[in-house]
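Asker: For reference, the chains in residue letters:
Number of protein chains: 6
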Amino acid sequence: MRILLINPNTTASMTETIRRAAIGVAGRDTEVEAVTSLMGPVSIEGYYDEALAVPGLLERLADGESRGAQAAIIACFDDTGLDAARAIAGIPVIGICEAALTAASLIAQRYTVVTTLERSRIPIEALVRRYGAEGRAKVRAADIPVLSLEDAASGAIDRLKREIDRAITDDRAEAIVLGCAGMADLARALQAEYGLPVVDGVSAAVKQAEMLVALGLSTSKRGAYATPGTKIYKGALARFAPGG
Amino acid sequence: MRILLINPNTTASMTETIRRAAIGVAGRDTEVEAVTSLMGPVSIEGYYDEALAVPGLLERLADGESRGAQAAIIACFDDTGLDAARAIAGIPVIGICEAALTAASLIAQRYTVVTTLERSRIPIEALVRRYGAEGRAKVRAADIPVLSLEDAASGAIDRLKREIDRAITDDRAEAIVLGCAGMADLARALQAEYGLPVVDGVSAAVKQAEMLVALGLSTSKRGAYATPGTKIYKGALARFAPGG
Amino acid sequence: MRILLINPNTTASMTETIRRAAIGVAGRDTEVEAVTSLMGPVSIEGYYDEALAVPGLLERLADGESRGAQAAIIACFDDTGLDAARAIAGIPVIGICEAALTAASLIAQRYTVVTTLERSRIPIEALVRRYGAEGRAKVRAADIPVLSLEDAASGAIDRLKREIDRAITDDRAEAIVLGCAGMADLARALQAEYGLPVVDGVSAAVKQAEMLVALGLSTSKRGAYATPGTKIYKGALARFAPGG
Amino acid sequence: MRILLINPNTTASMTETIRRAAIGVAGRDTEVEAVTSLMGPVSIEGYYDEALAVPGLLERLADGESRGAQAAIIACFDDTGLDAARAIAGIPVIGICEAALTAASLIAQRYTVVTTLERSRIPIEALVRRYGAEGRAKVRAADIPVLSLEDAASGAIDRLKREIDRAITDDRAEAIVLGCAGMADLARALQAEYGLPVVDGVSAAVKQAEMLVALGLSTSKRGAYATPGTKIYKGALARFAPGG
Amino acid sequence: MRILLINPNTTASMTETIRRAAIGVAGRDTEVEAVTSLMGPVSIEGYYDEALAVPGLLERLADGESRGAQAAIIACFDDTGLDAARAIAGIPVIGICEAALTAASLIAQRYTVVTTLERSRIPIEALVRRYGAEGRAKVRAADIPVLSLEDAASGAIDRLKREIDRAITDDRAEAIVLGCAGMADLARALQAEYGLPVVDGVSAAVKQAEMLVALGLSTSKRGAYATPGTKIYKGALARFAPGG
Amino acid sequence: MRILLINPNTTASMTETIRRAAIGVAGRDTEVEAVTSLMGPVSIEGYYDEALAVPGLLERLADGESRGAQAAIIACFDDTGLDAARAIAGIPVIGICEAALTAASLIAQRYTVVTTLERSRIPIEALVRRYGAEGRAKVRAADIPVLSLEDAASGAIDRLKREIDRAITDDRAEAIVLGCAGMADLARALQAEYGLPVVDGVSAAVKQAEMLVALGLSTSKRGAYATPGTKIYKGALARFAPGG
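So the protein lines, in turn, are chains U, V, B, D, H and G. 1 is the number of the first residue of the first sequence in the working numbering; add one for each residue after it. 245 is the number of the first residue of the second sequence in the working numbering; add one for each residue after it. 489 is the number of the first residue of the third sequence in the working numbering; add one for each residue after it. 733 is the number of the first residue of the fourth sequence in the working numbering; add one for each residue after it. 977 is the number of the first residue of the fifth sequence in the working numbering; add one for each residue after it. 1221 is the number of the first residue of the sixth sequence in the working numbering; add one for each residue after it.
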């Protein structure tokens, strides 16, 4: 089984963190291919970055699918470009926010997502509603830039922990969801430290991708995910034209 | 990895159907133990059967956990006794309605659950709301008793197909969810016949149980699933007293 | 008019408290029969106790109905087994959480339920949603075991009052709902002390049961409350088989 | 116990129908005083009539309360002026839509309100949401003017029955709620004819008013129903000034 | 273009404040006619005042429409009588709460309404739900009587600012909505002082009224806003009878 | 006043239709600049086209703002790229779906959006929820490609009318919203033909943009629309890097 793991942030070191988390949980028969987008922001922080990360991500998706991937994961907690990816791909696609909320909902009735920046809080709240976790999931921002997670001296981990403390005390969180792909390596240690379930979306997505392949399920092509028909695209994005 | 699959219907032939569906998708390292409840209704059809199936199911759960199961599945689409099971068990527990909706939501925006009897329709609609699929999932009843699914001459399959037709035409369903554990063997053939995703909750639950074990996640014991303290139970159910 | 009042907690002294609250408000022509379940937990605190209280409660319900009760009340704020009771009974059945929220909604737009233990908070929040009081009713736990309400030296009343204070200040509660059958004797005194409406579900349920009998209304047998058909039940619960 | 029953429609013959329904269910110790508003539309059909029925209704309420009523009922299915009445009155006030939905919710999970005119359908749907019955209650209009219910030759009853038929077939209604005070005399006969619960709001309101008085509960004066302070009112409505 | 601006509070000095706010934003071709209701409370504070302000407001509306107004605005933040006005008028009618929420939603995802008295908070929360802003808009009361806004020595502005401070800090409000027509003159100064958008409903309503006239749109007369038919009204309000 | 009207579909003839609709309602002092995106799909039909239309649209937005536009409109009914546009722009930005629902909500309680293709139906339903019109607005697809609206021989208008007929009959729509920028020229004629309000989002957006400028309101930069900080963008989209 071959799973494509796309980092839509164009920072290769972050992809390596994500890849390790994925490999750590993948089944014996699963091959994980982790790729970095070649086009767009070095880190996705808010709506603008998110929109401009999509073409690069779709490019990587088309490439991975053509080389035989059976399922794809979008490794950004905004679930960047998920709908477009599902429409164009012939393989199932999973977002890590979706995967993390799905897993957390199986083990807790109330939980808190701790993400990076305040500007990502409201978009993630919208995802919480989209995925039906409204009333279960709260969202907190730790005020840490995405790439500061790679810098041990940045104090990012301390800020993250401060919000976990507040989630436990103020939100009465039963579990914590890590709200950024760049936190994928922290789940196990935090779970041990806090003594409550800590969910990482990257590893959850790997197991859900495995599930879909094992069950023979893929995105329905009836409705809004119907394959786009042949159409002309103009300008610098012309090569993205479907059916071309 | 050892997964306990409990059929809370006290009909062993139904357990065998469920077991086969589970084994068909289980990972190479997964051992599935399928057990039949020894106490309660031969089939669960509506609220009354459901309530009286719970003690038998909890008995099987305690037994399976004591013998080393790492996760448990409740194989009835009403998710019978799921909350009680999560409170008492030290291992994660998954309901097949929950698992089916979770899987369907990853591959379709609108889908229809087709269940057995009209009296199960409203309880399943309540589960749809509980699991956050309101607005995505419709529920239809095919007017077939649960055990008629085991009788090829009953016409049950024809009635099931008639509702799938209606779901596609009237609900514009993008996928179908089979709303009874006794339908677990039908998913693949129906998917091939109709050309749209057909989700079986038993096999979906197996993969989600594998996910939780692989991720090291179990039911949070903060909140409503806290382990019950020692307490006296009176009468014929005295042996169920927690901490006894 | 004859109303059956079932305490699903198997503690007779608690039934006496409940009975007195019921008699205090019952109409001149109403006979209240208060019975204690013979099977299950001495107090219902959370999902596990709740599930195992149901068979004992259903037994008492069948017995009371056969002896001529015209309506039944389930005197536990979790509305334990309410759906199963409605399906099997030929008489109307009311839960005290349902009755309390119904009464509170007639006299206040925002109110707070104060219950016993934290583990009961989320189940009651689910009932609040079920009964359409979401957005009106908040739920607080006073951290008092159910049976401590019978022990004047336990400090339970002080803890209850502390939460009422918080409800008034922090939730801007316009009324208080007492979230445990064991608090039925406290409503009048607390109402006098705090100068705002305090609702007890037991007495509210008595008047609503009287209403249904007076109006000639009983549970509709169309839909999910249709009377269960004849069916085999196995094992220790075989005698519960419907139509047997 | 003394209950004030106000018909905000200025048609005395309609008040007589309402009064008879109320008396038929009132307790032995209950005195029902039915009064007709002296100011406003002869029948309330839609938003405009409703708004102009309020002063006449408030006048009757103040008068009834001053003469010793312990609870009041507003006998129009739009729950005309309910909030204003609750703010100004020192006694509890119940609307018949509220009372009918409350009673129906105790005996059915899905039910249909059948009202008079299409222009009343959306206002009643708003009440359904307000009272938390969204998802349970559908609303249908039988296309009959309110006062045609008093005219046996109008065909109004036939049209009403046609919508009940549709409610049972198309909505899978488990119970019917009569959506106009002028239908109060029809509930028992329709219940017998159709074999499912039929709820009349007038009689339901009487029993709920009795409940509130028996329980010693009245509208909370904390929040939006706080008693209005002394204030000048200008023009023809000057005599309505509170505290005057 | 001629827009009728009705102050349903019977205080002429307040109308002048509202009129100035309206004129400040009206288009070059727009004539704003600001009128004061002649009947009802000097200030609208809560449900009772609101109900008794409606006849006076409807009188002014009918008069203004007969003299050629093309759209009308109800200048009270409770959107007093809006539904009745829309049913009877042949021109579009806009409420200032509706207009303010509409404008705020175009420029902010989360915002806070700051109104006058606590008793107005819950009615405005109901409007927030009605207009689809639930989850976006919070409501706070500054504890200031409506007419105190006209008295510089009342301290009203300080109290208003204290709640704006809290909205920014505690609600993380992105914008502020002024929740009373009497605050119409404050928006620009507060926006400059706080550096975030401050929305006044009166001026927003003027521009939305201009929009409807420019687009040739008026209240649909299908459904609940259908023009009332001819009917007898009794007593002091007889002259309000439609079609008379 | 200068308003930028961006057609994110890269088809200039469609821009001309949109431009004419805008000019027809713009105020005397308003200059409308209509521009066509230079990069991306010739028509936006579904999620994939939508995602790839965003960079071209953002380019046009940045250009227009730098040349002095005071407000911008995105003329595609999917409100393509609206969040990214609001984050990066210093001027207010309005989507035409948002504008159309906003206008329709001022004149009707229930209305139906008629859009082009089935694959756009669910994305527009998501916008209906986002803008708080859930429960008011239904969405129908007429099964017409976007560009067929420019071809009188395509039968597109007939199909559109067939859905309007169904909306009036089956949905009891009080008003119709045209669900595609390419229909902007049809609103007046359809309104005359059907005798109910027909709303075009392009012209509604022009008036709302004028409103925001007149009121001095712009997108709040607190929260998720905070201006993006300086950041590196890689590959073909490097020139989109904010702060560059």
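Check the hints yourself; a few may be wrong.
A few chain G residues that don't get close to chain U, going by computed Cβ distances all over 10 Å [unchecked claim]:
1. S1233
2. E1413
3. K1454
With a straight-line Cα cutoff of 27 Å, these simulated DSSO-like cross-link-like pairs (lysine-lysine) come out [to be verified]:
4. G/K1381 / H/K1114
5. V/K465 / V/K478
6. B/K626 / B/K649
7. G/K1454 / G/K1441
8. H/K1137 / G/K1454
9. B/K709 / B/K722
10. D/K953 / H/K1114
11. B/K649 / D/K953
12. V/K382 / D/K870
13. G/K1358 / U/K221
14. G/K1441 / G/K1451
15. G/K1441 / U/K234
16. B/K719 / B/K709
17. G/K1441 / U/K138
18. U/K138 / V/K465
19. D/K870 / H/K1197
20. U/K234 / U/K221
21. D/K870 / B/K709
22. D/K963 / D/K953
23. H/K1197 / H/K1207
24. G/K1441 / V/K382
25. D/K953 / D/K966
26. U/K161 / U/K138
27. H/K1210 / H/K1197
28. H/K1114 / H/K1137
29. B/K722 / V/K478
30. V/K475 / V/K465
31. B/K709 / D/K893
32. U/K138 / B/K722
33. H/K1197 / G/K1381
34. V/K382 / B/K709
35. V/K382 / V/K405
36. G/K1358 / D/K870
37. B/K626 / D/K966
38. V/K465 / B/K709
Hints were generated in silico from the structure; no laboratory data involved. C-beta atoms are modelled at their ideal positions from N, C-alpha and C, and glycine is treated no differently.
Asker: Which numbered hints are broken by the structure, listed smallest first?
Answerer: When the structure is compared with the hints, numbers 3, 4, 8, 15, 24, 32, 37 and 38 turn out to be violated.
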